[in-house]
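Participant: The listed protein sequences correspond, in order, to chains A and B. In terms of my numbering, the first sequence opens at residue 1 and continues consecutively. In terms of my numbering, the second sequence opens at residue 1 and continues consecutively.
If you are wondering where the hints come from, they were derived from the structure by calculation, not from laboratory data. It cannot be assumed that every hint is accurate.
[Unchecked claim] Just the calculated beta-carbon pair ranges, DEER-fashion:
{"#": "1", "chain 1": "A", "residue 1": "Leu96", "chain 2": "B", "residue 2": "Ser17", "range": "40 to 48 Å"}
{"#": "2", "chain 1": "B", "residue 1": "Gly58", "chain 2": "A", "residue 2": "Leu275", "range": "27 to 35 Å"}
{"#": "3", "chain 1": "A", "residue 1": "Gly218", "chain 2": "B", "residue 2": "Ser17", "range": "56 to 64 Å"}
{"#": "4", "chain 1": "A", "residue 1": "Asp365", "chain 2": "B", "residue 2": "Ser17", "range": "39 to 47 Å"}
{"#": "5", "chain 1": "B", "residue 1": "Asn66", "chain 2": "A", "residue 2": "Leu104", "range": "41 to 49 Å"}
{"#": "6", "chain 1": "A", "residue 1": "Arg193", "chain 2": "B", "residue 2": "Ser17", "range": "35 to 43 Å"}
{"#": "7", "chain 1": "A", "residue 1": "Arg163", "chain 2": "B", "residue 2": "Val21", "range": "20 to 28 Å"}
{"#": "8", "chain 1": "A", "residue 1": "Tyr307", "chain 2": "B", "residue 2": "Ile33", "range": "44 to 52 Å"}
{"#": "9", "chain 1": "B", "residue 1": "Val21", "chain 2": "A", "residue 2": "Ile281", "range": "40 to 48 Å"}
{"#": "10", "chain 1": "B", "residue 1": "Ser17", "chain 2": "A", "residue 2": "Pro153", "range": "51 to 59 Å"}
We put the beta carbon where it would ideally sit given N, CA and C, even for glycine.
Chain by chain, the residues run as shown.
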Amino acid sequence: MRTVRLDLLVFGYRRLVFEDSSDRARALGALMHEGISATSEGELCVLIRERDYLKNKNYIVGQKCKIAEEPRGALPLLKRALAAKISLAATLISLLVFFLAPSLIWDVRVIGCESISEAEVEESLAMLGVSVGSPWRRVDTAEAEIGLLDSSPKIGWVSINRRGSVAYVEILEADIPPDDATDVGYSNIVASRDCVIRDISVTSGYAAVEVGDVVRRGEVLISGIPPAEVGGAFCYADGVVIGECDGEITVEIPREYTETEVDDGRKSAISLEILNFSINIFKIYGNSSEEYVIIENNEKCRLFGRYELPIAIVTEYSVPSAERVRSLSDSELVDRASQRMRELILSETSEAELLRISTSGAFTDSGYSMRTAITVLEEVSVSSPIAVE
Amino acid sequence: MINKTKKEMPPHGFYLSCERVVGGLSLIVGGIIGVADFSDERAELLSHTGRITVLGKGLSMTVFENKNIEINGGIEELKFAYSKA
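Here chain B stands alone, though its shape is the one from the complex (with noise of 0.2 Å):
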């Protein structure tokens, strides 16, 4: 099939979609070039223009071959900061 999807996700961006599931959420974020930190109760990522701060319990990470993270868990907070630093 031809892909004719006129957006395209910019070189240096990153997306993140979210879904209620049974425990909590499942936050899937595309566009990650690092993982500072990860937790039970903590997870950083690193995209090319900054940092994403996922809050929350109980979290559990998934990393795919297409460099898409998913997080599962109680997720409470989302922080994000335009510096990597």
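Pulled out of the complex, with its shape left as it was, chain A reads as follows (with noise of 0.2 Å):
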């Protein structure tokens, strides 16, 4: 397996080829040593810095090796094609089409399509600004998102994402039913919970329960049917069905539990990235055990202070923690309970009105258990289509 030494290709290395193994492995020894960092290639070469090598050049000819003339690697080329006085227009030029390229899009991919046709997405997408050729920092991808939604029914749900200078489009499609579906458009309202009615409010169908009524859950409050007696044809039912509904809510806080203690971190990687790519500049390995949350810290390069250059500088900084568990007390419990309680109540009752309440708690073995009986008045009303066989 070849190993890829990106800092090598990158700022250059020399090559030394020897005559067997052993002396390659003595080698290798010697430079680790000698605190000279060293790659093995093929069968009898290793690969060190041009650097390195510049700065350890007696002690590197000192091995038995041959030693490449020319240093090899993306700096040492430039310096050479610098010194030959051909590329530097290209050189610049390179950079300029390297820093300008990534801000326009390249490409655009439309994932998710199924009825609707890519083309038709594309085009959309064109005339919303997001298109091959267009300029990333004209494009407002939460806008074009909205916009496309709203250029077709078809489309329920837009994500456009940008990886690299590629714009990736992906949608769901809305699932609309069928024309030809058993569904004959008509409607039934129907209790969404098990309540006892208090208020009913047809504005159109039959009312199928009074107020007093017990219903469960599914029933019939206004139908769109209308009754054999009086006939006519069928309807699509409307109206408000308020019923008063009883619920539990039950909150359970264990007595024990596992907290991370965070200590400090140290730095344990630093890499330079480059668009997508990444060059590893220094790397600790072997970290203690305990170690176990990187937390990374991205810091992107700006150009006089204001614009934002595709080059970043990402640090790693390994925080070693440890899992305690903690005890609660009897307050501390009590107070947990009762704020998740809190928590749970507010939501329950959020589009109801309260009507009653009742809570009470009891210690138990593992910790804290807390009940509410709750009782309150809402709309349970919801439409339920008629099925026709």
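Please dock the two separately framed chains into a single complex, following the hints provided.
Facilitator: Next up, the structure:
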């Protein structure tokens, strides 16, 4: 397996060729002792960084090996080209293209089309400014997503993401039921939960229940089918039905829980990211087994402090931590249970009127348990299509 | 940042970590004092207390400034010996 070291390829390296593998192994050990980084290549070669070679030339010459005359890699190549005064302009133009090219959209990929054609989606995107050749800085992905949703009723969800210089457009088609379904387009109003009817207001249809009736979830409250004695056609039942509903909320808080304690971190890796290309500059191996949290700090480079470049320095910090088991006191248990109960009651009664509430709590073997019985007044009417067989 | 790592490597110990990579495994060994042998199918490393032998196919070795050694390739076997002989 060939190890590819990007720092050698970019900053330059020198090749050392040995006569046999034992010489090479000995040389690798000697270089390690001197603190010189080296990588094996092929059967008998070793690669070392050009700057290490220049710094330790006498030592390396003393190893029994043939040393390549010229260094290789992008930077030495660039230096030779500049020295030859041939490609200065080409280098500048390449750098310009390198930095400017990612600022344009090079490709638009649409994912998720089934009944909608990709051409239709791409045409809509082009009208919203998302097309090949458009500059990224003029693209507002949020506006484009809203525009695309409005452009076709068949699209139910859209996400536009930028990866490098490619725009990925993921769509989910809306689930529109087919026209020839058995659903005749009429509906009843049914109960969304068990309750006692407190108010019924019919806009269209026929009331199937009265105030004071106890109904179960799913039971018809306002019917779109006329009674036999009345006769007439089906209709789309509409109205509002208010019911009194009972409910119970239970909260259990355990006395013991596991807490993660985080200590100060240390720098464990630094890498340079150019577009989506990552070059590892520094890394510490063999971290303590207690360290498992990695914090990544991504710092973008800016030109003149204003213009963001597609270059970032990513620093990783390893944060040692340990899990500890904590125990809550009685008062802490009750506080937590009360807070959690409060949150659940608020969410339960957010669209309802609270009529009655009764709470009780007790300590258990494992912690604390709190129970609340509530009675609310809320709208229980939901539409349910009438299916005809 | 202050390094508050409680577990520190003993002065004559070694540590080893391994992860899967494309094409095989990547083995990182620290605490090595020498390289006895290295070829495409075998690597022998010396630590203060003994010898570590790595056997496999298509092995490549990288040594770092902090005296850690990385061996990549189709690693098949690891052997540990208490003496350097």
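Participant: Next, verify each hint and record whether it holds.
Facilitator: Consistency of the hints with the structure:
1. A:Leu96 <-> B:Ser17: 40 to 48 Å: For Leu96 (chain A) and Ser17 (chain B) the Cβ distance comes to about 43 Å; the hint holds.
2. B:Gly58 <-> A:Leu275: 27 to 35 Å: Because 31 Å falls inside the window, the suggested range holds.
3. A:Gly218 <-> B:Ser17: 56 to 64 Å: Taking Cβ atoms as reference, Gly218 (chain A) and Ser17 (chain B) lie about 59 Å apart, which means the hint holds.
4. A:Asp365 <-> B:Ser17: 39 to 47 Å: holds, 43 Å
5. B:Asn66 <-> A:Leu104: 41 to 49 Å: holds, 42 Å
6. A:Arg193 <-> B:Ser17: 35 to 43 Å: violated, 56 Å
7. A:Arg163 <-> B:Val21: 20 to 28 Å: holds, 23 Å
8. A:Tyr307 <-> B:Ile33: 44 to 52 Å: Because 50 Å falls inside the window, the suggested range holds.
9. B:Val21 <-> A:Ile281: 40 to 48 Å: violated, 19 Å
10. B:Ser17 <-> A:Pro153: 51 to 59 Å: Holds, since Ser17 (chain B) and Pro153 (chain A) (Cβ atoms, about 55 Å apart) stay within the stated range.
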